Structure formats: C-alpha cells, structure tokens
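Sequence order for the protein chains is A and B.
Taken in order, the first sequence gives residues 1 to 110; the numbers are from the numbering used here.
Taken in order, the second sequence gives residues 111 to 224; the numbers are from the numbering used here.
Hints in this document: simulated from the structure, not taken from any laboratory.
Where hints are given, some of them may not hold.
[Said to hold, decoys possible] Facing chain B, from chain A, some residues (calculated, C-beta under 8 Å):
1) S57
2) F66
3) P99
4) G105
[As the list claims (entries may be wrong)] Quick list of the computed label-pair ranges, beta carbon to beta carbon:
5) A:Q16 - B:T179: 42 to 50 Å
6) B:Q192 - A:P17: 26 to 34 Å
7) A:Q30 - B:G136: 26 to 34 Å
8) A:E85 - B:L121: 31 to 39 Å
9) A:A13 - B:S135: 16 to 24 Å
10) A:P44 - B:E199: 34 to 42 Å
[Claimed, not checked] From chain A, some residues computed to sit far from chain B (all C-beta separations above 10 Å):
11) Q30
12) G72
13) R81
Computed from a prediction, not measured in an experiment: that's the story for all the values here.
Even glycine gets a Cβ: it sits at the ideal position worked out from N, Cα and C.
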Amino acid sequence: IVMTQTPLSLSVAPGQPASISCRSSQSLLQSNGKNYLYWFVQKPGQSPQLLIYEASSRFSGVPDRFNGSGSGTEFTLTVGRVEAEDVGVYYCMQGLQIPRTFGHGTKVEI
Amino acid sequence: EVHLVESGGGLAQAGGSLRLSCGVSGFTFSDYAMNWVRQTPGKGLEWVSYISASGETIYYADSVKGRFTISRDNARSALFLQMDILRVEDTAVYYCAPGILDYWGQGTLVTVTS
Numbered sequence: 001i002v003m004t005q006t007p008l009s010l011s012v013a014p015g016q017p018a019s020i021s022c023r024s025s026q027s028l029l030q031s032n033g034k035n036y037l038y039w040f041v042q043k044p045g046q047s048p049q050l051l052i053y054e055a056s057s058r059f060s061g062v063p064d065r066f067n068g069s070g071s072g073t074e075f076t077l078t079v080g081r082v083e084a085e086d087v088g089v090y091y092c093m094q095g096l097q098i099p100r101t102f103g104h105g106t107k108v109e110i
Numbered sequence: 111e112v113h114l115v116e117s118g119g120g121l122a123q124a125g126g127s128l129r130l131s132c133g134v135s136g137f138t139f140s141d142y143a144m145n146w147v148r149q150t151p152g153k154g155l156e157w158v159s160y161i162s163a164s165g166e167t168i169y170y171a172d173s174v175k176g177r178f179t180i181s182r183d184n185a186r187s188a189l190f191l192q193m194d195i196l197r198v199e200d201t202a203v204y205y206c207a208p209g210i211l212d213y214w215g216q217g218t219l220v221t222v223t224s
C-alpha cells in the first residue's frame, strides 16, 4: 500500500491551524469499522512518537489540539493551534497490511 | 513507564554481519508483537520486520528478506535482529517498537561501508 502525504513541508505561524493530508492507494477501512491509519511525529533529535491511531484516536498524552479524521483512502491530521513545540516531521502509516508503509513525511516549521 | 533500548549497532563492511538487540521494560513483553523499523540518514521511515508475541509469525520487508532474521526471548524481554550479508543501503538508524509502534526506543545506528 502506497502512502502519499501532502504537503512535503509547511510553515505555520504560532497559534494558527495546520493541516496535513495522507492518501492511501487502498482503502484502510476494515469490516469492523476501523481505519488502520496512524500518525507519528519526529521532533528534531528525537525518535518518532505516536500521535493518532486508527485514524482519529489520540494516543495517551497527546494534546487535544491534534485531531485525526478521514476514512477509506483519505485522511487528515489537523493541529488546531500550532505551538513552537510542534515543529518536526509528521508521518502517516498504514497498519492494515504487511509490509507497513509510511508516507514520506511532512516537515512542519514554525 | 515504557522503555525500549536498542543496542548492537556500529560499523560493518558490506557482506558482513551485525546483531541488534532491544531490551524492554514497563510492559509485559510476552503479550506484544514487536517490530524493527529503520530510518536512513535524512530520509524517511521503513518498516523492516515483525514478530508475533509468541514468535510463531514473522514477516520481513522484501529489501531484507533472506538476509535478516528477527527473534525474541520472552523470558528475557528481549528482541533481536540478526543482520547478515549487509549492504551499503542497510545503513540506517534501527528502532524497535511494539504493536502499532506506540513506543519507540532511541535507535541504534548501523553503518555499512563498501
């Protein structure tokens, strides 16, 4: 499954919203109603960390300004009001099939 | 608190071998499938291998199939990646992560020279 993210980079003023899109080459929606789409962020000098699982569920400790939406093949990560600590590279990943595949990443700058 | 610590990376020549280890604490290791994911310098993320909680089900990326072997020791809460017939393009930071990659270690750098 090929994952396509847009844009490749994004410059956002603090306090403004930001949105990243992710498209999969096959539907990630299973018969159980879950979309197996995940969002990660890799902050400078750090390992990746999970933000959103199953398209729209926030992982433990993730601020509520991060929201995931979408279904099937089209997904969006929205940051309600960007803060300086949100700088990094954001990746989507499909968890439906092996091999797991990632998008190429979206670099977010403040 | 969940901790994953990768080790075993370093410098190797093409055609050589390295064995990576991942030590885990903070969760019941034997209950979780585990993965290896790598990140090439300045580039994106590539899933490498998966092993089920019991160790009975294993998958590999096509790029490493036949050269890498994943294994685990549930008694020691440890995950391994035996890397043989290394190629220059295997140069990357290697991470271990459980399940849906909800926690990641700090990674271990593997550099393969020609």
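These are the hints, each one checked on the structure:
1. Restraint check, S57 of chain A versus chain B: the minimum CB separation of about 11 Å is more than 8 Å; hint violated.
2. Because the beta carbon of F66 of chain A sits about 15 Å from the nearest beta carbon in chain B, more than 8 Å, this interface hint is broken.
3. A hinted interface residue such as P99 of chain A counts as satisfied when its beta carbon comes closer than 8 Å to some beta carbon of chain B; here the least separation is about 5 Å, so the hint holds.
4. Proximity of G105 of chain A to chain B holds as hinted, the smallest CB-CB distance being about 5 Å (cut-off 8 Å).
5. For Q16 of chain A paired with T179 of chain B, a C-beta distance near 48 Å keeps the hint of 42 to 50 Å intact.
6. At about 46 Å, the beta-carbon gap between Q192 of chain B and P17 of chain A misses the expected band of 26 to 34 Å.
7. At roughly 29 Å, the beta carbons of Q30 of chain A and G136 of chain B sit within the given window of 26 to 34 Å.
8. At about 34 Å, the beta-carbon gap between E85 of chain A and L121 of chain B stays in the expected band of 31 to 39 Å.
9. Checking the proposed 16 to 24 Å range against A13 of chain A and S135 of chain B shows it is violated: the Cβ atoms sit about 41 Å from each other.
10. A beta carbon spacing of about 25 Å between P44 of chain A and E199 of chain B contradicts the range 34 to 42 Å that was offered as a hint.
11. Remark: the non-interface label on Q30 of chain A is consistent with the geometry, its nearest Cβ contact in chain B lying 14 Å away (cut-off 10 Å).
12. Remark: the non-interface label on G72 of chain A is consistent with the geometry, its nearest Cβ contact in chain B lying 19 Å away (cut-off 10 Å).
13. The Cβ of R81 of chain A sits about 25 Å from the closest Cβ of chain B, beyond the 10 Å cut-off, so the non-interface label holds.
The structure does not agree with the numbered hints 1, 2, 6, 9, 10 stated previously, though it agrees with the rest.
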